[in-house]
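Heads up: the protein sequence lines correspond to chains Y and G, in order.
Going by our numbering, the first residue of the first sequence is number 1, and it counts up by one from there.
Going by our numbering, the first residue of the second sequence is number 1, and it counts up by one from there.
To be clear, the hints were calculated from the coordinates, so they are not data collected in a lab.
Small disclaimer: the values here were computed from a predicted structure and weren't measured.
Incorrect hints may appear among the rest.
Claimed, not checked - Covered stretches of chain G (chain Y as the covering partner; in silico rule of three or more C-beta atoms under 8 Å from a C-beta of chain Y):
(1) 72-86
(2) 104-118
(3) 138-152
(4) 164-176
(5) 185-199
Every residue gets a Cβ at the ideal spot worked out from N, C-alpha and C, and that includes glycine.
There are 2 protein chains.
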Amino acid sequence: LARDRNRREYEKALIKMGEFALIERIFSQRAAQMRQAQKPDLIDLGIGDDAALLAAIAADEQLVVSTDMLVEGTHFFVGTDPFAIGYKSLAVNLSDLAAMGAAPLGFTLALALPQASDRFLEAFASGLFSLAQQHGCHLIGGDTTRGPLNVCITVFGRVPRAQVLRRDAARVGQDLWVSGQLGAAARAVQLQYQNQIVEAAMLARLQKPQARIDLGLRLRGIASSALDLSDGLFGDLAHIARASHVSFEVFIDLLPIEPALQQLAPDKACQLALCGGDDYELAFTADAAFAHKIGQISLSLGLPLTRIGRVTAASAGAPVTCLDATGVPLSRRWHQKLKPYEHF
Amino acid sequence: LARDRNRREYEKALIKMGEFALIERIFSQRAAQMRQAQKPDLIDLGIGDDAALLAAIAADEQLVVSTDMLVEGTHFFVGTDPFAIGYKSLAVNLSDLAAMGAAPLGFTLALALPQASDRFLEAFASGLFSLAQQHGCHLIGGDTTRGPLNVCITVFGRVPRAQVLRRDAARVGQDLWVSGQLGAAARAVQLQYQNQIVEAAMLARLQKPQARIDLGLRLRGIASSALDLSDGLFGDLAHIARASHVSFEVFIDLLPIEPALQQLAPDKACQLALCGGDDYELAFTADAAFAHKIGQISLSLGLPLTRIGRVTAASAGAPVTCLDATGVPLSRRWHQKLKPYEHF
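The task is simple: from the sequences and hints, build the whole structure.
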């Protein structure tokens, strides 16, 4: 008996190979619970081996893969609520799936932490899994290590090959649309820099962005190209322009500026809506014939979808030109005042 | 004309959205070159959209996914040659594919850097792509951001479903094998801590581990379970033991200890071989009937494959028991002196 007890103690000591095995248990247990509740069909093997195993998608589908790294001090302020860090780390990745019209399957999580704090980890995992459960996106693998706080998620989804929303599929003459209301997240960053109080609702727009997965799914077969707004509409549209060899005209009076920004000078609000990042709304292009259907999608999702401009032939000049209410291009000087968003 | 020139300058200023767009260009150009040279069949869309797109693997295959994060000061010393950082970041991920018997397909790279240094990035990319090319493993997506140096790679591979090497497939009575020679990487870490000179060959074992992809492929249909040795044989075997509900007996006199460690006291060399991490060799189990075939694989790969023990019924005690030359279990006290590897 004494020998057995010694053996158990010895084994316990061996298992305690640093705190990181325990951290991994927090995540693997939650992942297992979620798999048991939701029984996903493609995940053959999750956490616990050298790698995860996914079954083959259908031959007419594509597997969608995206990765995003969030660093303390770059993507979130030091001292941010760990629930929000967990939530946002997955949200920005899901947003990339949404922009492709993909349905989420799963994700891997790599996490560097300065030390193992139960309070931090439980809150982080709660934020992460609350969103994962909402979208049926399963944690299938990960890595935990010591280091400055850094969260790297790689997310997987599936989409029918013929309906994927790519950046290179915008066509001249199509309408340009954007979801939601723009500028709130950037305003929340700005206020924090000025040490001003940020209303809870506005802080949530920065810390808990809504990945537009449902919208992406509904836009299959309707939108041609799409992307999610992480660095600001003005800069992000240039990516579609470059990939599709087109330009954009944007009517700035049509921009769906976040109502809470109406207290600001119109120019400042417009700058935040055009160049503020972290909104994670979708911008997409579609043939004019789909305008009515897009209106119906907006109603059924309870999400504003606003036609803000159009796709034009690639010009030698700027990929994105802003127009005033009368349809006249704003000056070069006006455009030059737009500052690219640099997170914080 | 003047107007066009102004437009061009304005556009140039807009494109220069921070240094990170340029960094991403370094990687995307190399990725494009490699895709053009090797023409992989499953990668429908690489870098440049919100996400990458992979075509479906065959229905009787599984997609293998693994992620590893390397942090400066935890996984490599400050001031490590950036070529080695790039090389090792991919090597440790490929090693996970090898341990599943998978063939590499591609990877995503997320990189946090304190500042953009051309010299660092070119060397890092050269290390990374030299290994990627060797294994036909294509960079399909990424993220670059400002932050303490951190490299997170997620790697993808494919394996026939019936031949995957999983940790839960070891069976009582099978032989336990290990590839290569053990302990050199841990010795290199130890010497650096002691501010001693590390021979180039030994430093390379730490900085440029060889992912045993070829071995993993040859072990399909021969090995039952496998894993790669990142935290040391003794601790890593416990993972197979737990997953397969078995135990292991290891003959310490059969351990393939790195010859360069023969100058050390036998106990010290044994500790390094048993508990030293970062070797990235494969440990695997196979039916005794395969011993001859495994010998042939060893010869054809020019890689030592050593039978070091056997799979036994799960014992209430330790998952791994070391035996002396006469087959007698070493004492509990002897086992307790084995220290788990904590990288550095």
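Verification of the hints:
no.	hint	in the structure
1	72-86	holds (count 4)
2	104-118	holds (count 5)
3	138-152	holds (count 10)
4	164-176	holds (count 4)
5	185-199	violated (count 0)
Violated hint: 5 only; the structure is consistent with all others.
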